[in-house]
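Below are the chains, spelled out letter by letter.
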Amino acid sequence: MAKVIVVTSGKGGVGKTTSTAALGAALAQRGEKVAVVDFDVGLRNLDLVMGAERRVVYDLINVVQGDAKLAQALIRDKRLDTLFLLPASQTRDKDNLTAEGVATVMDELRQHFDWVVCDSPAGIERGATLAMRHADIAVVVTNPEVSSVRDSDRIIGLLDAKTERAEKGQRIDKHLLLTRYDPIRAERGDMLKVEDVLEILSIPLLGIIPESSDVLRASNLGTPVTLVESAPSSAYRDAARRLAGEAIPITVPGEKRGIFGKLFGRRAA
Amino acid sequence: MSLFQFLNFNRRNTAPVARERLQVLLAHERATVGHSDLVGLLREEILAVIAKHVAVDRDRVQVKMEKGEIVSTLEVDIEIPATASLRKAS
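Protein chains in written order, with our numbering: chain A, 1176 to 1444; chain B, 462 to 551.
Zero decoy hints are in this set.
Pair by pair, the computed Cβ-Cβ distance ranges are:
hint: 1; chain 1: A; residue 1: 1208; chain 2: B; residue 2: 523; range: 52 to 60 Å
hint: 2; chain 1: B; residue 1: 517; chain 2: A; residue 2: 1364; range: 55 to 63 Å
hint: 3; chain 1: A; residue 1: 1274; chain 2: B; residue 2: 517; range: 34 to 42 Å
hint: 4; chain 1: A; residue 1: 1253; chain 2: B; residue 2: 473; range: 49 to 57 Å
hint: 5; chain 1: B; residue 1: 533; chain 2: A; residue 2: 1365; range: 34 to 42 Å
hint: 6; chain 1: B; residue 1: 493; chain 2: A; residue 2: 1345; range: 23 to 31 Å
hint: 7; chain 1: B; residue 1: 517; chain 2: A; residue 2: 1343; range: 28 to 36 Å
hint: 8; chain 1: B; residue 1: 534; chain 2: A; residue 2: 1335; range: 19 to 27 Å
hint: 9; chain 1: B; residue 1: 535; chain 2: A; residue 2: 1240; range: 44 to 52 Å
hint: 10; chain 1: A; residue 1: 1365; chain 2: B; residue 2: 525; range: 37 to 45 Å
hint: 11; chain 1: A; residue 1: 1377; chain 2: B; residue 2: 525; range: 24 to 32 Å
hint: 12; chain 1: A; residue 1: 1364; chain 2: B; residue 2: 511; range: 52 to 60 Å
hint: 13; chain 1: A; residue 1: 1342; chain 2: B; residue 2: 520; range: 25 to 33 Å
hint: 14; chain 1: B; residue 1: 535; chain 2: A; residue 2: 1282; range: 42 to 50 Å
With a straight-line Cα cutoff of 20 Å, these simulated EDC-like cross-link-like pairs (lysine to aspartate or glutamate) come out:
hint: 15; chain 1: A; residue 1: 1368; chain 2: B; residue 2: 481
hint: 16; chain 1: A; residue 1: 1186; chain 2: B; residue 2: 490
hint: 17; chain 1: A; residue 1: 1343; chain 2: A; residue 2: 1282
So these bits of chain B aren't anywhere near chain A, every CB distance computed over 10 Å:
hint: 18; residue: 502
hint: 19; residue: 503
hint: 20; residue: 505
hint: 21; residue: 507
hint: 22; residue: 512
hint: 23; residue: 515
hint: 24; residue: 516
hint: 25; residue: 520
hint: 26; residue: 526
hint: 27; residue: 527
hint: 28; residue: 530
hint: 29; residue: 531
hint: 30; residue: 536
hint: 31; residue: 541
hint: 32; residue: 542
It should be emphasised that the hints constitute simulated quantities derived from the structure, not laboratory data.
This one's a predicted model, so the numbers in the text were calculated from it and none came from an experiment.
Here a beta-carbon is modelled for each residue, glycine too, at the ideal position from N, C-alpha and C.
Let the sequences and hints guide you as you build the complete structure.
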């Protein structure tokens, strides 16, 4: 039976889709069978970030409505045998995503995969609550910036109220993934530090992804960040290993920089 | 804005300000969102306790939460009709 992860944030543009693709690919690189599911009906992008935009035939809503079988809609990744994408619909109305339909699809996914990673839409409306509904684990993606932290706080409240686990009185594992972190600006006092965000949100830290041009470069190419070697790539891979239960110490990016790195600061991050 | 002010603004650390603003804001927002449920919960449980002993009209029960800077107060206003019969404690 799969573990279901929701990648969520409340705020848009903080890196949910990038993180879904990166974590999904990193888990699949371990040889585990992974399905990444796009819940952003009408504004799908996981297909594009994964480089599968031209291979979409059927989508989540087709499966929910019984117009296609799950196996027909799943797209196998060309680089990783054990990685599959279930795209969202780009044209259908998001009201077609029913709670019962999603529950059925999630049940079927659970039976066939080791991990199901759900990419939540931004906001706190039905799409976001449906994406988190069946999750065992939540990855709360947050930028070190006031509006993102505030929205993450709101999402954490929803995770404790609107998920199936919460309703059954069970715990949902919540983890903070701090993205676009710039250690130099944080050091200078111009950006919230890791410990500031942790203190405010008080959920355990899954990883710190440094701000890096490698992230944009990967999405330009339609490659999950973790498939090419870079600083954010290894940060995401470590985060995936922590999700899988390995005890990997978390390092703050840039902290091990010596005097040379400090002098030529920005490139070292 | 003078050049001096401009430089001064740039030198001031802004992260501690962000942190403090968030702490104040979220303390307030958590209270608002969380308590809306809490008030409902308290209302039901208080009603259940009263109803064990006295017959009360559900509509005549007011539970209000007033949030202050340092303390919050819970106001419970229950109207017990003169005709209400005391139930025997079991």
